[in-house]
Amino acid sequence: GIQVEQSPPDLILQEGANSTLRCNFSDSVNNLQWFHQNPWGQLINLFYIPSGTKQNGRLSATTVATERYSLLYISSSQTTDSGVYFCAGRGGSSNTGKLIFGQGTTLQVKP
Amino acid sequence: DSGVTQTPKHLITATGQRVTLRCSPRSGDLSVYWYQQSLDQGLQFLIHYYNGEERAKGNILERFSAQQFPDLHSELNLSSLELGDSALYFCASSPVGGPYIQYFGAGTRLSVL
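In order, the protein sequence lines correspond to chains Y and S.
For the first sequence, the working numbering begins at 1 and goes up steadily by one.
For the second sequence, the working numbering begins at 112 and goes up steadily by one.
Any given hint might turn out to be false.
[As the list claims (entries may be wrong)] Stretch by stretch, here's where chain Y covers chain S in the computed footprint (C-beta under 8 Å, at least three residues):
hint, region
1, 144-154
2, 165-176
[Claimed, not checked] Label-pair restraints from in silico Cβ distances:
hint, chain 1, residue 1, chain 2, residue 2, range
3, Y, 30, S, 123, 34 to 40 Å
4, Y, 56, S, 164, 33 to 39 Å
5, S, 114, Y, 73, 24 to 30 Å
6, Y, 56, S, 126, 39 to 45 Å
7, S, 168, Y, 80, 36 to 42 Å
8, S, 127, Y, 28, 40 to 46 Å
9, Y, 66, S, 127, 49 to 55 Å
10, S, 112, Y, 78, 20 to 26 Å
11, Y, 80, S, 149, 23 to 29 Å
12, Y, 111, S, 167, 40 to 46 Å
13, Y, 56, S, 120, 24 to 30 Å
14, S, 167, Y, 66, 22 to 28 Å
[Stated by the list, open to error] Every beta carbon over 10 Å from chain Y, so not counted as near; a handful from chain S, in silico:
hint, residue
15, 123
16, 124
17, 125
18, 139
19, 162
20, 180
21, 186
22, 193
23, 194
24, 217
25, 223
Hint data in this document are derived by calculation from the structure and do not stem from the laboratory.
Computed from a predicted model, the values in this text were never measured in an experiment.
We put the CB at the ideal spot given by N, CA and C, even for glycine.
With the hints as extra help, turn the sequences into a complete structure.
Structural data, given as structure tokens:
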């Protein structure tokens, strides 16, 4: 099955810094999504981005489907950005909707 | 708020017991997915139902079963619980006709003691 690799596994930032999180896929994927899991465990949808670039406030994401990777940019980070960031996708040849998740990037933003 | 409702939020039980987790999808969504998040396995797909029918199974143990009812809510039944079943269980739903964005509930945190 498809493998999803996220990097870096851990990231510590000072408030106000920028960061880039990466997600690599072993094969083509559809329905790529980025999530933020907050300290209470909730999975918050950030982006649905099968290809191209999207922006939402201080966050933006880019997926280059032909090269099997996606990037999540966080600018001017805040302490509330702390948590775990997951990317997930559905296998390109899969006829089910199941999402395959990466292992996540744990972000800590220090004041 | 994703619009997906999961109950209960927390569940503490003993080994060997049986529990039922409940999920109500977003209004209009016919698909319900169950995922398990454990420390050692990460987030893993368990099962997918569409309009009452099972569509796909993932890494779901035989001790676990699920169903989706005519009103589209779904239940995940976990039996003969073991310590290793302690995890966060998520339900997600997605809209009919795409885009196939999955919206996740807040999860049920299961602790098996």
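Going through the hints against the structure:
{"no.": "1", "hint": "144-154", "result": "holds (count 4)"}
{"no.": "2", "hint": "165-176", "result": "holds (count 3)"}
{"no.": "3", "hint": "Y/30 - S/123: 34 to 40 Å", "result": "38 Å, holds"}
{"no.": "4", "hint": "Y/56 - S/164: 33 to 39 Å", "result": "35 Å, holds"}
{"no.": "5", "hint": "S/114 - Y/73: 24 to 30 Å", "result": "27 Å, holds"}
{"no.": "6", "hint": "Y/56 - S/126: 39 to 45 Å", "result": "44 Å, holds"}
{"no.": "7", "hint": "S/168 - Y/80: 36 to 42 Å", "result": "37 Å, holds"}
{"no.": "8", "hint": "S/127 - Y/28: 40 to 46 Å", "result": "44 Å, holds"}
{"no.": "9", "hint": "Y/66 - S/127: 49 to 55 Å", "result": "51 Å, holds"}
{"no.": "10", "hint": "S/112 - Y/78: 20 to 26 Å", "result": "21 Å, holds"}
{"no.": "11", "hint": "Y/80 - S/149: 23 to 29 Å", "result": "26 Å, holds"}
{"no.": "12", "hint": "Y/111 - S/167: 40 to 46 Å", "result": "44 Å, holds"}
{"no.": "13", "hint": "Y/56 - S/120: 24 to 30 Å", "result": "27 Å, holds"}
{"no.": "14", "hint": "S/167 - Y/66: 22 to 28 Å", "result": "27 Å, holds"}
{"no.": "15", "hint": "123", "result": "16 Å, holds"}
{"no.": "16", "hint": "124", "result": "18 Å, holds"}
{"no.": "17", "hint": "125", "result": "22 Å, holds"}
{"no.": "18", "hint": "139", "result": "16 Å, holds"}
{"no.": "19", "hint": "162", "result": "13 Å, holds"}
{"no.": "20", "hint": "180", "result": "19 Å, holds"}
{"no.": "21", "hint": "186", "result": "19 Å, holds"}
{"no.": "22", "hint": "193", "result": "21 Å, holds"}
{"no.": "23", "hint": "194", "result": "20 Å, holds"}
{"no.": "24", "hint": "217", "result": "5 Å, violated"}
{"no.": "25", "hint": "223", "result": "17 Å, holds"}
Violation of the numbered hints given earlier is confined to hint 24; every other hint is satisfied by the structure.
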